[in-house]
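Student: Top line first, the protein sequences correspond to chains A and B.
The numbering used here puts the first residue of the first sequence at 107, with every later residue one more than the last.
The numbering used here puts the first residue of the second sequence at 1376, with every later residue one more than the last.
Treat the hints as calculated values from the structure; they're not laboratory data.
Among the clues, some could well be false.
[Unchecked claim] A few chain B residues that don't get close to chain A, going by computed Cβ distances all over 12 Å:
id	residue
1	Pro1437
2	Ile1469
3	Leu1477
[Unchecked claim] Output of the computed footprint for chain A on chain B, the stretches with three or more beta carbons under 8 Å from beta carbons of chain A:
id	stretch
4	1544-1555
5	1558-1568
For every residue, glycine included, the Cβ atom is placed at its ideal position computed from N, Cα and C.
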Amino acid sequence: MNAPITAKILSLNNIEVVYDHVSLAIKGVSIDVPEGGMVALLGANGAGKSTTLKSISGLLTAERGEVRRGELQFRGQSIGGLMPQDRVKLGIAHVLEGRRVFEHLTPDENLIAASALHSRQDMNRNKDRVYSYFPRLHERRTVASGYLSGGEQQMLAIGRALMTQPKLLMLDEPSLGLAPFLVAEIFQILGRINRDEGLSILLVEQNAIAALEIVSHGYLIESGRIVMHDSAAALKKNPDIQEFYLGGAENKNFRDIKHYSRRKRWLT
Amino acid sequence: MDAISLMESAANGALIGLMYSLVAMGIVLIYKSSSVPNLAQGSMTMLAAYVVLAFANSAGAPIWAAISLAIITMFIIGLAIERVALRRLAGRPIIMILMMTLGLEIFLRAGSMTIWGGTTRPMNLGISDAPLFLGPLLINRAYAFGAVVTIAMFGFFVMFFRSRVGVVLRAISDDYTAAWSVGISVERGVALSWAMSAVVATIAGVLWSSVQGVDQSLAQLLLKGVTVAVLGGLDSIGGALLAGVLLGVVEGIASSVLDPLLGGASRDLVDAAMLILTILIRPHGLFGRHDIERV
Chain A
107 MNAPITAKIL
117 SLNNIEVVYD
127 HVSLAIKGVS
137 IDVPEGGMVA
147 LLGANGAGKS
157 TTLKSISGLL
167 TAERGEVRRG
177 ELQFRGQSIG
187 GLMPQDRVKL
197 GIAHVLEGRR
207 VFEHLTPDEN
217 LIAASALHSR
227 QDMNRNKDRV
237 YSYFPRLHER
247 RTVASGYLSG
257 GEQQMLAIGR
267 ALMTQPKLLM
277 LDEPSLGLAP
287 FLVAEIFQIL
297 GRINRDEGLS
307 ILLVEQNAIA
317 ALEIVSHGYL
327 IESGRIVMHD
337 SAAALKKNPD
347 IQEFYLGGAE
357 NKNFRDIKHY
367 SRRKRWLT
Chain B
1376 MDAISLMESA
1386 ANGALIGLMY
1396 SLVAMGIVLI
1406 YKSSSVPNLA
1416 QGSMTMLAAY
1426 VVLAFANSAG
1436 APIWAAISLA
1446 IITMFIIGLA
1456 IERVALRRLA
1466 GRPIIMILMM
1476 TLGLEIFLRA
1486 GSMTIWGGTT
1496 RPMNLGISDA
1506 PLFLGPLLIN
1516 RAYAFGAVVT
1526 IAMFGFFVMF
1536 FRSRVGVVLR
1546 AISDDYTAAW
1556 SVGISVERGV
1566 ALSWAMSAVV
1576 ATIAGVLWSS
1586 VQGVDQSLAQ
1596 LLLKGVTVAV
1606 LGGLDSIGGA
1616 LLAGVLLGVV
1626 EGIASSVLDP
1636 LLGGASRDLV
1646 DAAMLILTIL
1656 IRPHGLFGRH
1666 DIERV
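Make the full structure from the sequences, and use the hints.
Tutor: Shown next, in the form of structure tokens:
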């Protein structure tokens, strides 16, 4: 565990989330994102990745979830009690799983809708910036977004989030359902935005191979708990990660036997 | 039945239809920005007419001042309805929200009966009773005035939904959660749509009560409003306009042909038939959005 010494833009300390007052979705998650850093949160389906992001963006309330314990800090400020739009105002942007573009609006209108907090000048400047990162959106800016391809919709979802002038961009499974070359293209653009603008990024992914290529650090979440945290390079070499997330198992039978016990160790 | 009087029925029907559109527009406004079908639009229209009268009679304001004051009052009432009755239902099953609007409809109607009683009161806008002559056709001045106002409102809302605020409202109706995620205050957007809808109800209430007086029967405009809104496609302002004209013309012709035979109720029959057939044959209406499915 080599925690970075740089300033943290986001820090989660022992967050616990409950849905409908009963079901415990995440059980004590602690994550740090350094200022200007790029961090991945990896894990399988249902591990609590999306819930973690929603606890940060405040979208839990819409699904009757609540943060019951722990502390959420954004640049040293506690944000646990803020409404979603106030968190956006602070600079937290959440790109939802499944893209969720405004389907009946054109890409241009999607970007306009996302600038509710900004002046017209800011909006136009942000639009130019988004179109320069994603020229394809500019070509398609007058079509109803529901008719865009999956890759274009993902670009639009990211572009829409950028319209809010975030300091921290959180992405939930941006690679979901996209062809590998598109994943590569989108991740490359994310890397560029991170480098050029110093935008901090928290990337939630099942696709660990692609994610570990661009982030500096990664967390592994299982059944609502963080079970591993290390640099991307170290994670790539870790035999457990290789086996479960990178598909690197060679002598299959032997590993399958160990699988269960190792999983169990993480859970306890 | 000669051709002239048939054309006359159709022409007046079209104008009446445009006034139906105004009621439907209130329903569409709310649907377009929060996907809630508002069944209280009829009694909001009625309430607005009473509010105008309250300002004009009790406070002694001239009618145009009373209307302006009523518009402001109804704007606030619209905000209040959203805040008190609907905000806490956000995210609940649509059937709950639908029942809530039905409850509001009944509450407003019964409340107005308690406060103002059931006698019909006149609303005098100073429009003369003398008909307009359009070639050989006699046109009712009040209907013509109502139609012009409706078209003006239509133009306003078409522009509005292209504006930044309008785009935000459309985004909210598309996806609440995604709207929250980009910093849109969904609650405020929905509240604004209720307020605007209450203003539209005020204008509809004034126009309709200048024709038929102020009483609880104004709330029955809900039926016309719902039919026109569904026929036009619930989220289309333009659809509501055309559907209103269509319904008005069909009603006008049908009633002048059928009323002598059936003895009266043919307008409502046409209305119900339109609503039922639309839902059976073309549930998304003339211009409603389909849910987009990519292939």
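Student: Sort out which numbered hints this structure fails and list those numbers smallest first.
Tutor: none
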